Structures are given as C-alpha cells and as structure tokens.
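Visitor: Taking the hints into account, I'd like the entire structure generated from these sequences.
Residues per chain, in single letters:
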Amino acid sequence: MNFSRRRLLQGSAAFAGALALPRLAAAQDVLKIGQVNASPAAEIGWSKQHALGIEAIKAALGDKVQVTVVDNTFLPQDAERVFRDLASQGHRLIFGTSFSLGQPMQKVAPQFPDVAWEHCSGIVHLDNLGTFEAKYYEGMYIAGIAAGHMTKTGKLGFVGGFPIPDIVGPGNAFLLGARTVNPDITCSVVFLNSWFDPGKEKEAAQALMAQGADVILGMTDTGVCVQAAQEAGVYAVGYASDLTSFGPDSQLTSVVLDWSSEYVGAAQKVLDGSWTSESRWDGLAEGVVTLAPFNAAIPEDVRAKLDAAVEGVKSGEIQPYAGEIKDNQGNVVVAAGEVLPGDAVRGINWLAEGMIGTLG
Amino acid sequence: MDLATAIFVGTIAAATPMLLAALGELVVEKSGVLNLGLEGMMLIGAAVAFWLAISGWGLPLAFVGGALAGMLASGLFALLALVFLANQYATGLALAIFGTGLSAMIGMGFGSQPVATLKPLAIPLLGDIPLLGPLLFRFDIVVYLTLAMVPAVWWWLTRSKSGLILRTIGESPENAHAIGYPVRRIRLAAILFGGAMAGLGGAYLSVAYVGIWVENMTAGRGWIALSLVVFAAWRPWRALAGAVLFGGFTILQLHGQILGLPLPSEALSALPYLATIVALVLISQKRRRGMEVPASLARPFRPGA
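Heads up: the sequence lines are chains A and P, in that order.
Residues 1 to 360 in the working numbering are what the first sequence spells out, letter by letter.
Residues 361 to 665 in the working numbering are what the second sequence spells out, letter by letter.
None of these hints come from the bench; they were simulated from the model.
Please read these numbers as outputs of a predicted model, since none were measured by experiment.
Some hints could be false.
What the hints assert, rightly or not - Derived lysine-lysine pairs resembling DSSO-like cross-links, with alpha carbons at most 30 Å apart:
| # | chain 1 | residue 1 | chain 2 | residue 2 |
| --- | --- | --- | --- | --- |
| 1 | A | 305 | A | 58 |
| 2 | P | 479 | A | 152 |
| 3 | P | 479 | A | 155 |
| 4 | A | 48 | A | 64 |
| 5 | A | 155 | A | 305 |
| 6 | A | 64 | A | 107 |
Guide: Pasting the structure below:
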C-alpha cells in the first residue's frame with residue numbers, strides 16, 4: 001500500500017473528526033478523569049493496584065465518567081507537560097500515583113484551579129491538590145505477628161527498594177509485630193537502591209536465606225521474594241498485590257493496597273460538586289490496607305490471634321507504634337505510654353531495635 | 361550451606377548472564393565491529409525465552425528461542441552497520457532502545473506468574489565430596505556451559521585458523537579483503553554470534569535465574585557486559601575474572617548489609633562499580649603496549665573503496 005502524505009493527512013483528519021463527534025455531544029455531562037503513572041503498566045504491584053482504582057471508578061460510575069491513563073511518565077519535565085495537557089483537554093479530576101510526580105503536580109495545579117488534583121503518597125497539600133496515602137504499617141504489623149509465629153530460626157529478612165520512610169516505617173512495624181510473639185526475633189535489612197532489578201532482588205533474598213532468615217518480606221514491586229522463598233521452602237510476605245501465584249506455599253499473607261474507595265470517593269465528590277482537597281491517610285479500618293488470605297500452614301489458633309489483632313488495629317485498641325520503642329542504636333524513640341504521632345510515623349528515619357542494618 | 365559457599369555460588373550465578381553477553385561482544389569487537397546494543401538484545405532474549413517457557417515449551421527450547429531472538433535482533437544491526445554502513449555507535453544505541461521497547465511489548469501480560477527455574481545438576485558422586493562437592497557441583501547446566509565457553513572462545517581466537525582470520529579482519533579489513541577473505545560475511549557471522557550470546561544471557565536471567573518477567577529486567581547488565589569487554593582488554597579469561605569480580609562484590613555487599621556493616625547501603629551498592637574501576641586502574645598501569653584494541657573497531661568497511 002502506498003502511503004502518501006496527503007492520504008495520511010486525509011486519514012487522520014477523518015479519524016479525528018470521528019473521534020470528536022461523540023465527545024462534543026457528551027462533553028457537557030461526562031466527567032473526564034485522568035491518571036498519570038510514573039511506572040509502566042504491570043500485572044502486579046503498585047501500578048496494578050492503581051489501575052484497579054480506575055477500574056473501580058468505571059464499575060461504579062459507568063458512562064458518567066471517561067478516563068484517560070498515561071503510563072511511563074517518570075521524568076518530571078514529561079510529567080509537567082502531561083498534567084498540563086490533561087487539564088487543558090478538559091479533565092476535571094486528575095490523579096498522580098507516584099511520590100515523584102509531586103513537584104510537577106504542585107506546579108501545574110495552581111494554574112488550573114477548576115481541576116481537582118489527587119496525589120497518592122504526596123505530602124504537599126494545596127487548595128485544589130489533595131493527597132491520599134495508606135497506612136502500610138498496620139498491615140505489616142499483622143504480617144509480622146504471623147511471621148513471628150511461623151519463624152523457626154527467629155530471623156526475619158526484609159528487602160526494601162530504598163531507605164525512605166515509606167519503606168523503613170512498614171519494615172519496623174513488621175518486626176514490632178513479630179516481637180509481640182517473641183522479643184528475641186531479629187530482622188536483617190537489605191536495601192537494593194532500585195525498584196526494578198529482579199536479579200538483584202533474588203540475590204538479596206537468597207543471601208538473607210543463606211544467613212538463616214526464614215520469613216522474607218519484599219517491599220519492592222515484584223513477586224521475586226515470594227517466589228525465591230517458595231523455591232527454598234521458607235515463608236514470605238507480599239506487598240501491594242496478592243502474590244499467591246508466585247508462591248502458593250510460601251506466602252503467609254500479603255499487605256494488599258485497595259485504593260478503590262479513594263478513587264470512587266473522589267470521582268463521586270467531583271460529580272456532586274462537593275470535592276475539597278483533603279489529606280487522607282487510611283488503613284485497615286477504611287479497607288485501603290487489606291490482607292491477602294492467610295496461608296493454610298498457619299495453625300488455627302494463630303489465625304484467631306491474627307484476626308483479633310486486625311480487629312484491635314481497626315478499633316485503635318492496638319497501636320503498632322506504642323512505646324516503649326527503641327531504635328537499633330539503643331535510643332528511646334517512643335517513650336513508654338506514648339504513641340508515635342502520625343507525622344512522625346510518616347517521617348520515620350530510624351530502624352527499630354532488632355533490625356540489623358543501616359539507613360546511611 | 362555455609363556462608364562462604366553461599367557467597368561463592370551466588371557470585372558465579374550473578375556473573376553468568378554478564379559473562380555470556382561479554383564473551384559474545386568480545387568476538388564481535390575482535391572482528392572490528394562495535395555493537396552497543398547488548399542491553400536491547402539481552403532484553404529481547406529474556407522476553408522471548410520467558411514467553412516460550414510460560415507457554416509450556418520447556419526450558420531447553422526457551423534457551424534456543426532466546427538465542428535465536430537475540431540473533432535476529434543483531435541481524436538488524438548487521439544489516440544497518442554492514443550493508444548500509446551506518447554509524448555503529450548510533451546503530452547500537454538505537455538497538456538498545458528498540459530492544460527495551462520491543463521486549464516490553466513481547467512481555468505484556470507475563471508479569472502475573474513465575475516459571476519454574478533451572479535446577480542445579482545433581483551430580484551423584486562428585487556432589488557429595490566434602491567441601492569441594494557443594495563448591496564445584498552446585499550449579500545448573502548453563503553455568504557450566506558458560507564457563508566452558510571461556511576456554512573455547514580463547515582457544516578459537518588465539519589458536520585456530522578461523523580465529524586468526526577474524527582477528528586479521530578486526531585489525532585491517534582492507535588487507536584481509538585484499539588477500540581474499542569475505543570481510544562482511546565473517547563480520548556478519550561474528551555479529552550473529554554476539555547476538556545469540558546476548559540473547560542467551562537474557563534468557564538465563566529471565567527463565568533460569570529469576571523465573572519472573574519484569575519489564576526492563578536486565579537493569580543495566582548489558583552495559584556492564586559491554587564495559588567488561590574493555591576491562592578484559594579483549595581477552596576471554598579476563599572477561600571471566602571481571603564478571604566474577606563484579607558479581608562477587610554485588611553478592612558481598614548484600615551479605616554485608618545483612619550482617620549489619622555500619623556503612624550506608626548506597627555506598628555498598630556502589631561497591632561493585634568502584635571495585636571494577638580500581639581493578640581497571642591497576643591493570644592499565646601494568647600495561648603499556650595498548651595493542652589490545654582491534655585497530656578497525658567501529659570503522660565501517662566498504663569493499664569497493
């Protein structure tokens with residue numbers, strides 16, 4: 001077939017025309033929603049859970065909404081352009097799903113005051129820029145109790161992407177949970193300094209197991225730790241998605257993020273005209289943090305304890321960061337009788353007593 | 361398995377994908393062609409091998425498929441670099457970027473489940489020897505084949521007639537052409553060999569080592585393999601040493617973190633690179649001749665000119 005320039009132009013013009021017709025007709029009553037992701041679309045992990053949020057909006061609101069998703073927007077300068085494009089094209093609710101998208105969002109949001117902006121894991125909050133984040137540590141605390149019951153060596157392993165508060169805090173909670181079972185349990189920490197290097201992640205998991213760790217928690221964006229534990233016949237805890245397919249026998253549970261209430265809630269409020277910018281931080285009680293079904297190998301009495309702990313955290317009776325807590329240098333970081341306040345939890349820059357590693 | 365054995369076994373396994381790709385590139389560069397697209401070819405090999413493995417074709421066919429896919433990708437490079445005499449730096453970089461994108465497309469939908477990885481060979485008597493048994497006989501077959509490639513490539517390059525011809529072409533394609541050797545055909549063969557080895561390296565990573573597909577999963581190993589060739593001064597044994605050095609420091613720093621070494625993880629993560637640079641400096645001080653670089657490297661050859 002001979003593609004002349006003219007033909008191509010004719011074709012695209014017709015195509016654009018066809019696309020524009022229904023949109024013009026619908027533009028009045030349909031809410032256009034945009035979502036910008038830093039990473040590529042994936043079948044599991046962080047991006048997948050945000051894709052499920054968009055699915056939830058479609059399921060709940062059907063043809064009242066129209067959604068545009070832009071993946072792979074890692075560079076800040078790209079992100080700024082993408083956000084501006086989405087806002088100019090009439091999107092009235094725009095989600096950014098990565099911490100790294102914060103600066104471009106803070107820059108573009110004030111230029112489009114009529115648009116509702118929602119930033120996941122963001123910390124800066126403007127008049128029309130809301131933030132939402134999950135209390136990962138609540139789920140990790142429960143997973144830690146399960147690990148504490150199931151470990152034989154008393155050594156846990158933690159593989160984290162980077163030494164940042166969002167990773168360090170949940171890692172601490174994991175050990176704090178395990179230590180409610182046995183205060184002598186320790187947890188070795190490895191930071192990969194990368195989100196996507198499955199080869200290195202596997203090496204880290206194997207190194208942890210070689211040094212005696214028999215429950216591995218991987219807070220990266222892959223199923224490698226769960227799969228490595230399956231191969232070695234030890235246990236693992238998953239993160240972000242249910243990773244059972246990577247280790248049907250190894251996964252004790254997984255701290256699954258369910259953003260659907262955040263997504264549907266925001267869209268519903270924008271439709272109602274009741275949206276205001278909020279800073280939301282939700283956990284087990286709100287259903288944003290959930291736990292994948294417990295491994296069949298966990299005994300019945302332990303399950304009952306885990307279920308009770310879940311209820312305790314939901315009601316606020318159990319506070320994972322209740323003192324006294326020491327860091328791994330021996331300093332008291334939470335005094336006895338006190339509970340670490342939310343801001344301090346989100347900014348944790350210490351490893352709890354029993355964590356073997358450094359934050360650098 | 362004691363700690364020293366664990367570190368040794370981890371090191372050799374970590375070195376294998378880089379060594380495979382580096383040995384291939386070494387032969388390519390000895391023929392006077394520079395193919396910077398290793399990362400792309402490795403990724404294509406990894407994606408195709410994972411595709412075959414997860415579709416139930418079995419690991420041997422997955423490896424063959426990965427090698428063929430890498431070869432096919434290098435064929436594209438050969439077409440541009442040998443026939444159209446395109447700039448080899450630009451073509452290689454384009455191949456690296458193209459391979460990253462293509463592999464992501466091939467791998468779409470593979471991220472939700474693992475494949476069973478390659479098991480270590482169970483060698484009945486030898487594996488039971490105390491100390492040496494676990495040290496020498498704990499690997500899967502691909503590791504042994506890769507290690508065997510080192511003396512094979514060395515012997516072929518330095519001791520065989522065809523290896524001599526290849527090196528001649530790398531030094532002076534004009535002379536080789538004048539004597540009557542088919543310069544471009546031999547370079548094509550070298551490029552395809554390099555592609556197959558890079559594809560194998562990627563396949564090893566996705567189906568034998570990790571058993572999971574993740575977009576961009578080589579995470580820079582192609583670029584490291586490329587620098588290993590220079591590090592090795594185009595000698596196969598040194599490529600082995602470089603790969604083991606790099607892999608060894610990667611594994612050591614992980615164990616160091618787990619033992620709680622009071623050093624920032626960022627500094628420990630940089631160790632393999634630092635160690636490689638230090639080794640490079642030490643080697644280059646002993647070497648004055650500078651004869652190792654193939655004289656016609658990255659220079660297009662036009663038979664008529």
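Visitor: Go through the numbered hints given earlier and state which of them the structure violates, listing their numbers in rising order.
Guide: Hint 1 contradicted; others consistent.
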